[in-house]
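Enquirer: Protein sequences appear in the order of chains A and B. As numbered in my numbering, residues 3 to 114 make up the first sequence, in order. As numbered in my numbering, residues 10 to 125 make up the second sequence, in order.
Any given hint could turn out to be false.
Straight line, CA to CA, 27 Å or less: simulated BS3-like cross-link-like pairs of lysine-lysine [as the list claims (entries may be wrong)]:
1. A:LYS113 - A:LYS61
2. B:LYS18 - A:LYS72
3. A:LYS109 - A:LYS61
4. A:LYS109 - B:LYS18
Calculated from the model, a selection of chain B residues having no Cβ within reach of chain A, i.e. all distances over 12 Å [said to hold, decoys possible]:
5. GLN15
6. LEU78
7. SER84
8. GLU88
9. ALA91
10. THR95
11. VAL125
Hint data in this document are derived by calculation from the structure and do not stem from the laboratory. Backbone N, C-alpha and C fix where the C-beta goes; we use that ideal spot for every residue, glycine too.
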Amino acid sequence: TQLLEQSPQFLSIQEGENLTVYCNSSSVFSSLQWYRQEPGEGPVLLVTVVTGGEVKKLKRLTFQFGDARKDSSLHITAAQPGDTGLYLCAGLIPDSNYQLIWGAGTKLIIKP
Amino acid sequence: NAGVTQTPKFQVLKTGQSMTLQCAQDMNHNSMYWYRQDPGMGLRLIYYSASEGTTDKGEVPNGYNVSRLNKREFSLRLESAAPSQTSVYFCASSATPSWARATEAFFGQGTRLTVV
Numbered sequence: 003t004q005l006l007e008q009s010p011q012f013l014s015i016q017e018g019e020n021l022t023v024y025c026n027s028s029s030v031f032s033s034l035q036w037y038r039q040e041p042g043e044g045p046v047l048l049v050t051v052v053t054g055g056e057v058k059k060l061k062r063l064t065f066q067f068g069d070a071r072k073d074s075s076l077h078i079t080a081a082q083p084g085d086t087g088l089y090l091c092a093g094l095i096p097d098s099n100y101q102l103i104w105g106a107g108t109k110l111i112i113k114p
Numbered sequence: 010n011a012g013v014t015q016t017p018k019f020q021v022l023k024t025g026q027s028m029t030l031q032c033a034q035d036m037n038h039n040s041m042y043w044y045r046q047d048p049g050m051g052l053r054l055i056y057y058s059a060s061e062g063t064t065d066k067g068e069v070p071n072g073y074n075v076s077r078l079n080k081r082e083f084s085l086r087l088e089s090a091a092p093s094q095t096s097v098y099f100c101a102s103s104a105t106p107s108w109a110r111a112t113e114a115f116f117g118q119g120t121r122l123t124v125v
């Protein structure tokens, strides 16, 4: 069974703080995606990383793909209440017919 | 901008009852998917359809059947509901099968199903 572990599972911080969430596996991925899901909604894609060591920035969000393509991190600078949500990572296993392998998610709450 | 539309949004079933979850997308996508989301377990793929006319089992297909009615519509049927099928079900679509290349999946709003 291929696992994608996310940590922490839950994080509650004050507005303005920085945070990092992690997505780790023993498997190598062809690519890895980060989604954000708000209550009562489906996940929405934030970013796709493909190359080992790749860094992508989306405003205050910085995504990094590990050099070995087994892990990824999401760093948020100066978090805002609008960043509140469930952050999910999903990895594409090479030659897999199961599409994406999903992590269980990090539930993030940003308090004003 | 409808995107992916799922119906119903909420449903309560008694054990043994059957029902069909409907999904339609208006983005002309080739591939469609059904997932279930349970607390602490992430999204798990039930069935997918890489293109119109094809369907394949995902990670957790037991107790479910699907029909790709046309390019737009992909339905999920529970023939005899069980309490273990209590979950939130998401339909998604993408332009190309996601195992071929990194591709964005667009999700519906979900169906919250309770089996009592």
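Enquirer: Report the numbers of all earlier hints that the structure fails to satisfy, in ascending order.
Expert: 2 and 5
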